[in-house]
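Engineer: One-letter residues, chain by chain:
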Amino acid sequence: MNEQLRAISELDRVIHEPGRLMIVSLLAAVKECDFLYLRHETEMNQGNLSSHLARLEETGYVEIEKTYRGKVPQTLLRLTRAGRAAFDQYRKGLKTAF
Amino acid sequence: MKDQVRAYQDRLKRYDNIDGTGEMFLGLMLLGFTLAGYLEACLPDNASRWWHGIVIYGVMIPVFVIGFLARRLIKKHLTWPRTGYAAYPRTGGKSWWMGMVAVFVVALVLALGSAYLLRYARWHPAINLPRIGLLIAWPAMYALWVYCMDKHRPWKWLLVIFMALGLVALAFLVPGNFEAFFQPVSLFVGLIWLTSGGATLYSYLRHTHPAIPEAQ
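If you're matching them up, the sequences are chains A and B in order. Take 540 as the starting number for the first sequence in our numbering and just add one per residue. Take -8 as the starting number for the second sequence in our numbering and just add one per residue.
FYI, nobody ran anything at the bench for these hints, they're computed from the structure. Computed from a predicted model, the values in this text were never measured in an experiment. Don't be surprised by glycine CBs; every beta carbon is placed ideally from N, CA and C. The reader is advised that the hints may include incorrect statements.
To be verified - Straight-line alpha carbon distances no greater than 20 Å define the calculated PhoX-like cross-link-like pairs of lysine-lysine that follow:
#1 K610(A) to K66(B)
#2 K66(B) to K570(A)
#3 K4(B) to K142(B)
#4 K67(B) to K610(A)
#5 K605(A) to K570(A)
#6 K4(B) to K147(B)
#7 K570(A) to K142(B)
#8 K66(B) to K4(B)
#9 K4(B) to K67(B)
#10 K570(A) to K147(B)
#11 K67(B) to K605(A)
Said to hold, decoys possible - A few chain A residues that don't get close to chain B, going by computed Cβ distances all over 10 Å:
#12 E549
#13 E602
#14 I603
#15 E604
Let the hints inform the model, and build the full structure from the sequences given.
Structural biologist: Structure (structure tokens):
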């Protein structure tokens, strides 16, 4: 197997899914954001976004914090150190592959 | 794919001005600068440099604080409940220092260039390069802003044209040296930035609604 094909096969499958790639790319650009910001930017519905975030949290890539802004519940999201490293690795893999 | 990832990351820059507060802040600063300039002109001729400093800082610091707080309030009460909250990452490391060096070099070049042009203008009042420089610099800066931040709002290009034509008209209407020309120009440009930001905020409020709490 040549190097490019191997790079493709080694891409992180959790991040590679288009919806999650969108989420991780957006989270990589911010220090933290809330659920509403991600929903607005990705244009996903609430259920879809929640399930992708649950998967990313399960893998340890995203940290989810339930909090309040005044009396309004707010879900804060940020990439973990592992998530950021995985995303950097994923981007390097993409560069090698293409 | 690589470019798409970059595009998602660049969206944060545009998101910061989704409500027009960035433009309004810049406009407010320019109006403050104009006010400080007019007040400074009212000082007696023999006023010390301290008085000039007091007038400039006495106007600019409150204007900056008011602009900063107003922007924060708009974000907190209008933007975040509608389209969400996002915090910029902390800056640091090599890229931050490179950026600071780049800003310093650009500022130095601009300062030296302006000083040279001001001196040159006294020798050649007919040509008056600083005035021409202002006529080009402000529309160019606003056009760059629109291109980078608000490409999807075509009406802003009309404002760019209006700014350019308005500045040319001002150049004919306001005679005198660079200093005399600078005040009305900064007033005009400040009002355009403020109007542009206000219109962006109005459009944003018309097209978005506060999200229901469960969806946050």
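Engineer: All hints are to be evaluated individually against the structure, with a verdict given for each.
Structural biologist: The hints, checked one at a time:
no., hint, in the structure
1, K610(A) to K66(B), "holds (17 Å)"
2, K66(B) to K570(A), "holds (17 Å)"
3, K4(B) to K142(B), "holds (13 Å)"
4, K67(B) to K610(A), "holds (13 Å)"
5, K605(A) to K570(A), "holds (16 Å)"
6, K4(B) to K147(B), "holds (18 Å)"
7, K570(A) to K142(B), "violated (26 Å)"
8, K66(B) to K4(B), "holds (15 Å)"
9, K4(B) to K67(B), "holds (18 Å)"
10, K570(A) to K147(B), "violated (30 Å)"
11, K67(B) to K605(A), "holds (18 Å)"
12, E549, "holds (15 Å)"
13, E602, "holds (14 Å)"
14, I603, "holds (13 Å)"
15, E604, "holds (12 Å)"
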